[in-house]
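Here is what each chain is made of, one letter per residue.
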Amino acid sequence: MANLLEVIDLRTSFFTPSGEVKAVDGVSFTLNEGTVLGIVGESGSGKSVTAYSILQILTHPGRIVSGSVKFRGQELVGISENEMRKIRGNKISIIFQDPMTSLNPTFTIGNQLVETILLHTKRNKEQAQARAIEMLSLVGINEPERRLRQYAYELSGGMRQRVMIAMALACEPDILIADEPTTALDVTIQAQILELMTELQRKLGMAIILITHDLGVVAGMCDEVIVMYAGHLVERGKADDIFYEPAHEYTKGLMRSLPRIEDDGSEKLVPISGTPVDMLAVPPGCPFSPRCGSTMQICLTQRPEECAINDPHRHISACWLNVRNASEIIDVPGQMPIIKLGGKA
Amino acid sequence: MSAVNQRPLLEVKGLKQYFTINTGLFRSTQLKAVDGVSFHIDKGETLGMVGESGCGKTTVGRSLMHLYTPTAGEVLFDGQSVKPGASMQNFRRRAQMVFQDPYSSLNPRMTVGDIVAEPIDIHHLAKNKAERRDKVHELLSLVGLSSEQATRYAHEFSGGQRQRIGIARALASNPEFIVCDEPVSALDVSIQAQVINMLEELQQKLKLTYMFIAHDLSVVKHISNRIAVMYLGHIVELADAGELYRRPLHPYTQSLLSAVPQPDPKRARAQRRIILSGDVPSPLKIPSGCPFRTRCPKATKECAQALPPLEDHGNGHQVRCIHVDG
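Chains as they are written, first to last, in our numbering: chain S, 1 to 345; chain V, 1001 to 1326.
Just chain V, same shape as in the assembly (with noise of 0.2 angstroms):
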């Protein structure tokens, strides 16, 4: 997919993102919701990252775009340190983010054309009322609404236009990378395949490069190079879209694919599952060592004494296991 020898776009290093949880008057404990993470992602290649609530999927989105502050650790973007100061303005324009509830990301109170805007002005991309309007009314068109619609308001629009409307705010400010945060897990499916579709094509016509968050295993597939499959904090498994779903190595991956419901009634009568034990440990009380070692039917001692290493099985695929075999 990508050239060699070229510089990743997006680099994470061990990233953190701790929150400090009140748990009584004078008491708070720290809730670890990303607990050193690190991956890159190429130019024009889609990572995918997906995983259950609460395993911090969102908040590596939202962490390496600065909408925390992150804990620990460092965010390269074009071979530069992300790093609040001036150059975060130009970060700011350079990456973008599309919201999982295309209701109450967009403010009610503003035209579809001012929220659109937003971006233009913020960066002041647009001279004057008329090209601004006229910039309004390209991003419409790109994602398939009209221009008439831009003085509406967004309650006036269905799911699938709204989340429309949010990706139209996201190109405004001719980004080079979008963070997709579960983008069609609010719509409906014959919704979902009109969005997934304009995604991949605007990939195309614009250069872009994606990190996509969802739990719906089927749509990441389709529309990720890698996928990055993260648990209680840690990412523990990474690899390309089709190698993973071929040759799942970590235990959690391989039920996490083996539990997906096949909307084929053959294929789901053949389907072996591999059904966890149990639920997913409190993200405060985060199990030792191997954090899925409470549910894990591969579980021995050494699993508890540390966290298992993220290595490399062979062209890039990367486990987070002692007990990998082959």
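With the rest of the complex left out, here is chain S (with noise of 0.2 angstroms):
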């Protein structure tokens, strides 16, 4: 598989009055054609500004500040707004939580729909009508022709949401990115909204960036998930090493977290204890350190490395609690070192 967008050591900051605020602080990445990576966190830990960042849509004062990011081989940090704006709804597009203010209210949802058909491929304004409503009746709306002349607000929330998919990839984009898609929907509109991105996903066979905080989405939907804490990537592994084998203690403590349906409420719940971190005062060493129940003395001053459990390339945690209980520790020049952990292999 090849790799479609490739993130290295991105940077990206906020410069507020009160000081800098690293919100993505040297994260690298790569997706594969045709997967769908998670990407979960809690708020404040730059997952959405990680996806920003990718499409180049930060508000002021954010920029990036260093590292880069890849689409197809083509350098994407540094390139000109009009180069940007081919790429951006045309290869890579994205979708945002609130379906009500991504929308314009004062346009008509055909209007929006055709500005960007027309904007993106070479059809004309009768072929682009067309493929909006080829566009709605793919993500399920009824009566497409009639949704064409209604407004935002005529509309539920989950059709919304249907109308920002619909949107999104009119421009057969190779690149989704998904940015808590489904957060303010209920459970029932939610359940309607991911089955059909996984269906649309099998269909049109785009690679979906899924950014949530709500861990059951992402074991729905992804082959890969990576978690952040404070800016940083603190592990990153397919959905089934995350979830069965969590490496980093922070995902450790969010799979224990977690009230599960099957319990039958007897057993209490394992909180992380502490607060969030204080984003204008990140710790020097291990973000995580001042809310880890096993810190040593090395996590309070060294950030931990990124390191590759027991696979290369498979299953990634930045922890040093793995070095210390490593059973081997093998060194790949150029690349980040490999932990062996006692007993697998």
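One thing to keep in mind: the hints can contain errors.
What the hints assert, rightly or not - List time: in silico BS3-like cross-link candidates among lysine-lysine, alpha-carbon distance up to 30 angstroms:
(1) V:Lys1135 - S:Lys268
(2) V:Lys1127 - V:Lys1205
(3) S:Lys238 - S:Lys70
(4) V:Lys1043 - S:Lys268
(5) V:Lys1043 - V:Lys1207
(6) V:Lys1266 - S:Lys340
(7) S:Lys340 - S:Lys252
(8) V:Lys1016 - V:Lys1298
(9) V:Lys1016 - V:Lys1043
(10) V:Lys1266 - S:Lys268
(11) S:Lys203 - V:Lys1266
(12) S:Lys268 - V:Lys1205
Stated by the list, open to error - Selected chain S positions facing chain V (Cβ under 8 angstroms, derived; list incomplete):
(13) Gly158
(14) Ala239
(15) Phe243
(16) Asp264
Please keep in mind that the hints were generated in silico from the structure rather than gathered at the bench. Keep in mind the model is a prediction, meaning the values are calculated, not measured. Backbone N, C-alpha and C fix where the C-beta goes; we use that ideal spot for every residue, glycine too.
Join the two chains into one complex using the hints; note that each chain is given alone, in its own frame.
Here is the structure:
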């Protein structure tokens, strides 16, 4: 599988009056063609800013400080706004959490959909109109011709999110970034939208970056998962690795703190102690160290390196505990070291 | 759970809450947010209330607390009818509320100490300043905050800490009953578990009775003894928490439970979701008969005729559906 998107050591900061907030602090990952990558983390962990940095839709005072984002080998950081426009909405598109505020209330649905299509493809107005109708029926909206003449306020939340998806997919992008696409929706509507996204992903074969705080949504949809904390990537791996063999203390804590529907309710939840990190004063070592139950001396002073667990490229974690517990550490020149954890090979 | 022959702490009978909505200059219509809801809560138990947005779960909570004046129906607290008048002050002391949004439910101009002390002041629970201060410190330590934090303002705290302040305020009048309206939905997962555990510990320690309103079914399942499922102003199913999850009888509950995203890839892959078509109808245009029939996979002609009664299917498992099998 080819690397569709490659993010290398991305750093994005917001320069606020009270200081620099390193919202994304050295994040690297690759996205393969046709896969679904989940990015999870709490509010303020930098998951959305990572997505906005890829698309370069950061608002003042935020900007990419350093790092590289390569789409099909083409460097996106530093290219002109004109060049970026050809990519945004065409090759890489995004849907947002709140479908009400991301649609323009003063234009009809049709207007906004047709505009996107005209901008990025060689279709004329009638063809664009036809394409808009085709897209609306693809996302399961009935009476698409009538809907085209309606405004956002006339549609329900689930319907608006369907319109957003239609708009995002109208130009057949290679990557769809979905930023908390179902957070504002009810459970039964959320199920509809997730089902639709899975179905469209299979049909159209695009890659999806799914940003969410809901580990349930991630488990159901993603092939690979990135866990972020305080702007750092703390763990990355196949969905099964993350859920069944989490290697980072934060991920382990998250899994323990979730109430599960199959439990009989008598077990106590195990919360992560402490409060979320203050992004203006991130600890110098591991950002999770103040809340971690197994903090060591080194965690307070030195930022943990990303290491591969057992296999290269499959499961990556940045936690000093893994280094301590390793039965063997293999240094690979030019790449991250591989940690063999005892018992498992 | 509860002892037999014991009077329930709270009893709600045929509660209705209509709101008048202006639809034009001289026209108005009734929004039936809660349309005839009856249930009881025993001493020391937690009743969970679930449903999607607009189903009326929050309105039930607010209206039984008489934050709104109910359109019809009766609320009995400890055997006494809750009515406007002299007894209201006493009811308000014994029944308290924790709100969803830890940002807008705390006054930004008041110190945390004053916020927590407000019920103490209103109900004259402290004889002098020293006692008031001691009570505030005691309450703060009860919810895991330090007494030095009493002089700070709400904006200096994180979401989870603010929710703790809201809980301390609710506890200030030594209540027996607390309505928790989505107390953890605005919080991050890791903080959510802290607050849920704290609510459970406080319930044990102070012998509290909860009504826990939420849309997250996993959370409600975890904390509740019994659960009521609401849809468009009606309770459609009410049962023991375990029973409801093992044997949901109403088609709405069945689809709701099947759609809960499970944080477990293998389970998620094996999950057979019952996907409902369409959206929840507007509460201004509630369908005739069973309100769920427009989205129900089992709906027949009879469903449109009359609202099905809430029938007991054994062990207090109540269901409002005419197509219950087994």
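Requested in this report: Given the hint that S:Lys268 pairs with V:Lys1205, test it: the Cα-Cα distance must not exceed 30 angstroms.
Outcome: holds (16 angstroms)
Requested in this report: Answer holds if the nearest beta-carbon of chain V is closer than 8 angstroms to that of S:Asp264; otherwise answer violated.
Outcome: holds (6 angstroms)
Requested in this report: Compare the distance between the alpha carbons of V:Lys1135 and S:Lys268 with 30 angstroms, and conclude whether the hinted pair is satisfied.
Outcome: holds (29 angstroms)
Requested in this report: Double-check S:Ala239 for me: the hint is only fine if its C-beta lies closer than 8 angstroms to a C-beta in chain V.
Outcome: holds (5 angstroms)
Requested in this report: Sort out whether S:Lys340 lies within 30 angstroms of V:Lys1266, counting only the CA atoms.
Outcome: holds (25 angstroms)
Query - Holds or violated: V:Lys1043 to S:Lys268, with C-alpha atoms at most 30 angstroms apart - result: Roughly 22 angstroms separates the two Cα atoms, so the pair holds.
Query raised in the report: Straight-line Cα separation of V:Lys1043 and V:Lys1207 no greater than 30 angstroms?
Result: holds (8 angstroms)
**Report entry** Interface restraint verdict for S:Phe243 against chain V (beta-carbon cut-off 8 angstroms)
**Finding:** holds (5 angstroms)
Query raised in the report: Between S:Lys340 and S:Lys252, does the CA-CA distance stay at or below 30 angstroms?
Result: Status holds; Cα separation ~19 angstroms.
Query raised in the report: Does the alpha-carbon distance linking V:Lys1266 and S:Lys268 stay inside the 30 angstroms limit?
Result: holds (23 angstroms)
Requested in this report: Could you grab the alpha-carbon distance between S:Lys203 and V:Lys1266 and see if it respects the 30 angstroms cut-off?
Outcome: holds (23 angstroms)
Query - V:Lys1016 paired with V:Lys1043 [C-alpha distance capped at 30 angstroms] - result: holds (24 angstroms)
Violated hints for the displayed structure: none, as all numbered hints are satisfied.
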